[in-house]
Structures are given as C-alpha cells and as structure tokens.
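Please build the complete structure, drawing on both the sequences and the hints.
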Amino acid sequence: MTNKKIANGLGLLLGIFLVSGQALAFEGDAKRGRAVAATCTACHQADGSGMNIPGGESWPRLAGLDADYLAKQLHDFKAGRRQNATMAPFAKMLDDQQIADVAAYYSQMPVTPAQGGDVDAELLARGEQLALHGDWDKYIVPCKSCHGPGNQGAGSTFPGIASQHAGYIENQLRAWQADKRSNDPQNLMGAIAKRMSDEDIRAVSAWLASQTVTSKK
Amino acid sequence: MKRNKKTLAVAGAALAAGVSLAAFADPLPPAVDTLVKMGFPAPKEGELVHVPPTMADLEAANIHPKLKAVIRRGHDLFTNTQQLRGKNVFNDMNCSSCHLGEGRMPFSGPVWPAAVTLPDYRDKNGHVNNLEERIADCFAYSMNGTPPEYGSDDMLALSAYHQWLAKGVPMYPDQPIYGRGFPAPQRPASLSYANGEALYMEKCAICHGKDGSGLYQGGKYVFPPPWGDGSNNWGAGIVRTHTMAGFIKNNMPLGQPLSLSDQEAWDIAYYITQQERPQDPRYKGSVDEVLEKFGPTFHKFSSYGKVREVDGHRLGDHANWGEKGEKIKPWNVGRPRFKDLEVEQ
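Protein sequences, first through last, are from chains Z and C. The opening position of the first sequence corresponds to residue 6 in our numbering, with each subsequent residue numbered one higher. The opening position of the second sequence corresponds to residue 374 in our numbering, with each subsequent residue numbered one higher.
Since the hints were made in silico from the structure, they are not lab data. Predicted, not measured: the structure shown is a model, and the values here were computed from it. Certain hints may be false.
[Claimed, not checked] Straight line, CA to CA, 20 Å or less: simulated SDA-like cross-link-like pairs of lysine to any residue: (1) Z:K143 / C:Q629; (2) C:K593 / Z:T217; (3) Z:K199 / C:M411; (4) C:K576 / Z:Q191; (5) C:K576 / C:L631; (6) Z:K36 / Z:D100; (7) C:K410 / Z:W141; (8) C:K702 / C:Y523; (9) Z:K143 / C:P414.
[Stated by the list, open to error] Listed next, with one range per pair, are the computed distances between beta-carbon atoms: (10) C:A562 / Z:A90: 47 to 53 Å; (11) Z:R39 / C:V683: 48 to 54 Å; (12) Z:A183 / C:Y566: 39 to 45 Å; (13) C:D406 / Z:A51: 47 to 53 Å; (14) C:D635 / Z:A51: 52 to 58 Å; (15) Z:A183 / C:P669: 50 to 56 Å; (16) Z:E127 / C:Y566: 50 to 56 Å; (17) Z:T217 / C:G412: 38 to 44 Å; (18) C:D635 / Z:A183: 28 to 34 Å; (19) Z:G85 / C:D547: 57 to 63 Å; (20) Z:R179 / C:D547: 43 to 49 Å.
Virtual Cβ for every residue (Gly too), placed ideally from N, Cα, C.
Following this line, the structure appears as structure tokens:
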C-alpha cells in the first residue's frame, strides 16, 4: 500500500543538466549497442564483467549499470571531463547515438560477480561499516546513503558499486583523492574520498567487491 | 544544582564507550576535532561535549545481551523508520533523515540531549514532557503519523537507543550542550524565494528531486523529500525557517557541511519551507485558529498561513493530511497532562 516513487524521470532530467543538452535525447537501442560493444569486449569482456587487476588498471564491470550513468561517463571521457588515457580514444570513436546504444546494451546485462573481495575478516568488517553505516567521527557518510539500497545504485547519478571489482573502486577513490577524477556532481564523492585513509579505501573496495547482486535493481 | 566540572571531565574520560567532557579539554575527542577542522566551531569553555557511543561500542559493551538487543532494535527503528510505514509512519522519512549520523552528530539535531534534559517543560505543547512523549511528537509531526504506544516495545527500543547514546552524561546538565539542535546561521537582512529556488535546483534537486519528492530506488528509501506528501507535516519543527536553515547550513549537501553561505542556506530554507506539505495535526478546519493557538510558540517562525508571493497561495490552507488521510489522528496531539497540578510561581 505504500506508494513508493521510483526514480526514472529524475535521472533523465539530471542527465540533461550534466551532459550537454542534446546528448541524452538519443534513445539507446541495446541491439545496435551490441555491435558497438565489439570494441569494448577486449577489456570489459563479452559479458560486461570487466577484470580485476591488482596493482594495475582494473577494468570495471559494466553489466547492469544504469544506462544514463554509463552514457554520461562516455560523454565525460570524450569531452575530457573524466580523464583516462585508456578510455578517451575509445570514447572519442563513438557518436552520441552509439554512446546511447552501447550504454543501453551493457545496462541490460545481468550483474556479474566481482573480484578482489577476498581479504581478511577484519578488513571486510571495516568495509562493511563504511559501506552501510559510514564513519561519522571522520565525517565519512555511508556509501549506501547515495549509492542506494544494497549499494546497487540510485537513479542515474549514483552508480551501483556492490559487486564491482575492488581494484577499480580503489583506483577511482584514489583518483578522487588526488583530484584526478572530478566528474561527480557537486564534488559529492570527492569530498568523502578525501577523508578516507588508505585502509578505508582498501576495506570498502574489498567489501563492495565481495557483495553478490542477485537481481537487477 | 552545583557541579564540579573537573570531576565530571575525569568521569567522562574514564568511560570505555562514549566520551563526555564537561569542561573544554585539550586535545579534543577525534570526532569533534574532525568537525572543527571542517570549520565547525570549537567547543566553548564550559560547554558539555559528548561523543555518543557507536554501534561498535554497543557490541563491545558489558551489558545484558537482552538490553543490547533492545538498543539494537532502537537503532534499527531510528535508521529504518520506514519499517513502521502504514502503522506509525505515513510519509517517506526516517528519523535519521534529519538526525544524521544515526542521531549522534553535533549540529544535526543529536538526539541524546533529550535523554538527559527531559522531563522538562516544552512550549510546543505547554506541559512537562518525558523522553517518550518527545519521541511521540516526532511521529505525529515529522513522520506525519501516529506514535507507538507509551511503554510499547517499539517505544521502549527507541528510548533505550536515545539513552544509550547519552551514556555517561549527567542528568540535567547545567552546561550548554555543544552542537545541540540545528543551530541557525545569522539570519540575513532579506530572504529571496527566487534565489532559494534557483539554488535548490542547482544544489539540492540532484538528490531530493526538482519536485521535492526525494528519491526511492526499487521501492526503497534513498533521499528524503523536503516537501510534499512524503515529507514532514506543517507541525514539524523543521518547518520553521531557522531550523531548516540550520539543518542545511550544517549538514547539506551531504558530506559537505558549511559549504553554503549563510544567505544561501537561508534562501534555500525559505524556498523549501514555502512549499506545501501535509496539514498540521493541530488543525481543526481553520488555519487562523491554528495560528492563534500555536503562532506565538511555533508558527511565528514558519510560513504556515502566509500567502506565498509568487502565486498568492496561502500556505497550509487545505485539508490534505497526506498518506495517513483523515481517519488516522495522532493520539498524542492535544493530550493534556497534570491538569490539576498546582504550580507555585
């Protein structure tokens, strides 16, 4: 009986704000996106599972991420708002329609398991603490307060991070700490990342990677 | 009541879980140090500084396992109050929507002071309230619902959680409490609805929605609605512009407290508190009657009954009770106490 509102319109509206005016006017077609994705599979794999590469540049799991979130990231890579030497040339090969299509394609894949969650219990417990309750004494708010129930994503702004590779999450948090990534709205992630210790980052990355996402959000 | 500050400070420092300092002490507890480094005011000489125990402290505490379970239940109700939806809660809020950090955070309406300063007289209902009655008020107004019964399991669990957070603080402290409530920044000379609206769209809407309806994902709570049917009703403390301004300034955007100027915080508060929300449960058919009875103690600080300049709409002039409808009336509202008790002035 509780009439809960589902975020759908919100993400689109935000997307229009964040990306340039036109970009998200393109409706993604997953079938066409499959062809576009041929370029992506070398790293992100055919099932969108990506790869955890400890000590290297891990390739994120794309399967099951929100389509508008993915599209925004591609636009940001293309425009240099998100800087990544590996991704920039690939993103630049895509036009707006292809971005929408490939984003739709990956968004419809089932979430795959992540690697890098195999750490000791103490580190996992710290990670769980940060992900679900935060550490307010350091003003680290819980991940789930933005990334949503089960950290499986909220709207198109806050991506699902449960069952994401630990190596990728670690790299991103470090990039935010070092001001090498700043394409989050209003510095929402950057502000938090800067309050995290190295151990906090390893802990939360490992715990999120250890989470199983059984069904699509 | 006289207190030896030094004694209190020592007693506080000896606590395993939770730290209370009656007098200013150096170094600051890490949790307070974090805030001060972020720009929050440092505790003033003589202020009561208390860092409430965490849930980890609870697990480690040497208390009866059944008490632990009850406090845990209280924490669960506090942070996921939506589990009482349709029973006691008829909007999209949790206690922790406004009381950030699980009710522990200074400048975010920390809830433990209620456990050590009540029973006390409250202007809002004109009598002496205890902790349960104070919590019941939140259900009637902020949750647009009706409270769990006094002495019920849920009420006991919530009160136990409040009292646990106050662990080690003396009852009826004489000192002012550091970070109590939602301290409002200096009110600017003038407030701008238009500027507040523009700022809201720019800085708040990404989470709380352009229409103020918040965000639910897969039917589950993510971000609370600042107005509308899913929000607190017109009787909640945060409809007062200064309270909303204090909440925003000290807590929003999430993770970036004090990032807005005083003017920005007030303008956004002015905008949000001039949007519609469910009726004040004290309303019996006339906005003017509510204003007459509760204006002097409450609504003189809110926009209730005011005519919104942009469209001429009179705020609160409706019989929309939100999801709880007309039939559910919070049983605690208007319930008197000690009617025949003589008071010596």
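Hints breached by this structure: Violated hints: none; all satisfied.
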